[in-house]
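If you read the sequences in order, they're chains V and Z.
Using this note's numbering, you'd call the opening residue of the first sequence number 937 and step up by one each time.
Using this note's numbering, you'd call the opening residue of the second sequence number 12 and step up by one each time.
Misleading hints may appear alongside valid ones.
Computed, partial: chain Z to chain V, Cβ under 8 angstroms [claimed, not checked]:
#, residue
1, M12
2, I13
3, V155
4, Y203
5, R251
6, F276
7, G279
8, M280
9, R331
10, V335
11, R353
12, G360
13, S375
14, Y379
Derived by calculation from the structure, the hints in this document are not laboratory data.
We treat Cβ as the ideally placed atom computed from N, Cα and C, and that holds for glycine.
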Amino acid sequence: MSLSPEDVSRIALLSRIELSPEERESTRDQLNGILGFIEQLQAVDTTGIEPMAHAVDVVQRLRPDAVTETDRRAEFQAVAPETEAGLYLVPRVVE
Amino acid sequence: MINSSLRELSAALSAKKVSAVELATLFLDRIDRLNPGLNAFIALDREKTLAQASAADARLAASAGGPLSGIPLAHKDIFCTQGWRTSCGSKMLENFVAPYDAHVVEKLAAAGMVTLGKLNMDEFAMGSSNETSHFGPVRNPWDVSRVPGGSSGGSAATIAARLAPAATGTDTGGSIRQPAALCGLTGLKPTYGAVSRYGMIAFASSLDQAGPMAKSAEDCALLLTAMAGFDPRDSTSLERPTEDYTRDLEQPLAGLRIGLPGEFFGEGMDDDVRTAVEAALTEYRKLGATTVEVALPNSGLSVPAYYVIAPAEASSNLSRFDGVRYGYRAPEYNDLTEMYSRSRAQGFGAEVKRRILIGTYVLSHGYYDAYYLKAQKIRRLIAADFVEAFRSCDVIMGPTSPSVAFAFGAKSADPVQMYLSDIYTISTNLAGLPGMSLPCGFGANDMPVGLQIIGNWFGEAKMLNVAHQYQKATDWHTRMPETMK
């Protein structure tokens, strides 16, 4: 199958990556090339095969519900684009 | 000194023939002289390096050092290093100074190693040629018109040019082994879960694994011993007893069974690579090994399966780069969605965006089963092939890369051609197996060729033994480019 221009716009929106109109066309060609390449997987019979999500079969470790982290907010926020009074600033989302 | 092994350097430091400060200065001076032509280092801080070296000297003077104390190394810029810019080769993190150390960085520092700087890489480790770095490509020290491989290309070029005796790398689909092959050095990707991923910027979490890159298997064994071990901060770190990976280095190879997968010796491998790999196998037979044919019938599906799984995981991992808590934020936007999508459009390079888009698509509603789940089922088939193959052999061998280092631009126009550079390395990551590459000769245009060894799960010590015995009988790993002397 092959992606339409609308498909590309939808994927770009889901990915939160802005594409200019020119980029949209070249991106569509490249993505279709990659999808064409991975299409060969469809020909393989995988009836009854369990999906393998992970290389090593282990279960999630649990830890005691105890505070182990120290407060390093100032250091962590020092690398943020915009903060004020210990908060991260973003454009207004609620009017 | 620049060609010395880690054991030789350690002996010289212990005998006070050289100090850690002198050693660091020697390499920093070489970096100043040779790095402008290679672009391998993208962050240097002489003061910080020398302070760490002085501290190592103090420990050595108090006889409190270990086998790596005072030895310099450099870190791939994917590892968070407190107080150092950690960019992951991306504009997105161009101004990111890590507020903490990665587990690997912490462990190697605790072992007394001295950080020389941070190494260039493909952006977010996505690439096989180092051409996707925001900071420009790394050049191959054997021929600066050629790529060093990727994504740990900065690490590989650094060792090849003797700008550091050791470096860290990461391998998601071949990113330690392929550049090690293309630059003529030794690199090892451990079994998944052996080395903590804490503080290592995530690309595809079920495949990413950190490992050492150095001149020899013996050096890699010493480094891996210091890097590996359980870390509760990585949920996939394995709770296993610590290992001394040097323990089997001196075992003889008599009786070793080497598995040769027909799929790795068919069409697609260049003749010069084949000649060098076959010569290595002849050497192994001389050392007492026997070769047996094994089959990895699904290995041909590893590249397409990988290009579903890795982008899917990447699209999820890289969603954290939203211009809010760290990283690049676009200067102009009208609302929150635009802030996200412009920051990401401007902060990420073309290959990273391509992979996020593919990953988002294969995970999206209506396509998840057809692509992602299908690829995970094929991943199991690929892993099962290895289980079967290891019933009749101790290690598997083949080429690391189908060709020697290629010229800049040779594959960058067609993503799929670039992806096929990792055709022999990717199946190992999908299965979670350890793998390594070591130099086994030179091919066309006198470029290095790498021999790949794949070990059984947790078979690092065996693999290192197999590599070390070959390196005792040959001298390919001691060669360095004339122009870098």
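> Going by Cβ atoms only, is Z:R353 closer than 8 angstroms to chain V?
Replying inline: 5 angstroms, holds
>> Checking hints one by one. Is Z:S375 an interface residue toward chain V, by the C-beta closer than 8 angstroms rule?
In response: 6 angstroms, holds
> When the nearest CB of chain V is found for Z:G360, is that gap smaller than 8 angstroms?
Replying inline: 12 angstroms, violated
> Can we keep the Z:I13 interface hint, with Cβ of chain V closer than 8 angstroms?
Replying inline: 36 angstroms, violated
> Was the hint right that Z:R251 lines chain V, CB cutoff 8 angstroms?
Replying inline: Hint on Z:R251: violated, closest Cβ of chain V at ~10 angstroms, above 8 angstroms.
> For the hint on Z:R331, does the least C-beta distance to chain V fall short of 8 angstroms?
Replying inline: Violated. Min distance 12 angstroms.
>> Quick check on Z:F276 please, does its C-beta sit within 8 angstroms of some C-beta on chain V?
In response: Not OK, violated: Z:F276 not within 8 angstroms of chain V, min 21 angstroms.
> Regarding the hint that Z:Y203 lies at the interface with chain V, is the smallest CB-CB distance below 8 angstroms?
Replying inline: 4 angstroms, holds
> Does Z:V335 pass the interface hint, meaning its C-beta sits closer than 8 angstroms to a C-beta of chain V?
Replying inline: Constraint on Z:V335 satisfied, holds at 5 angstroms.
>> Using the nearest Cβ pair, does Z:M280 come within less than 8 angstroms of chain V?
In response: 20 angstroms, violated
> Against chain V, with CB atoms and a cut of 8 angstroms, does the hint on Z:V155 hold up?
Replying inline: 29 angstroms, violated
> Once the shortest beta carbon distance from Z:Y379 to chain V is found, is it less than 8 angstroms?
Replying inline: 11 angstroms, violated
Violated hints, in rising order: 1, 2, 3, 5, 6, 7, 8, 9, 12 and 14; the structure is consistent with all others.
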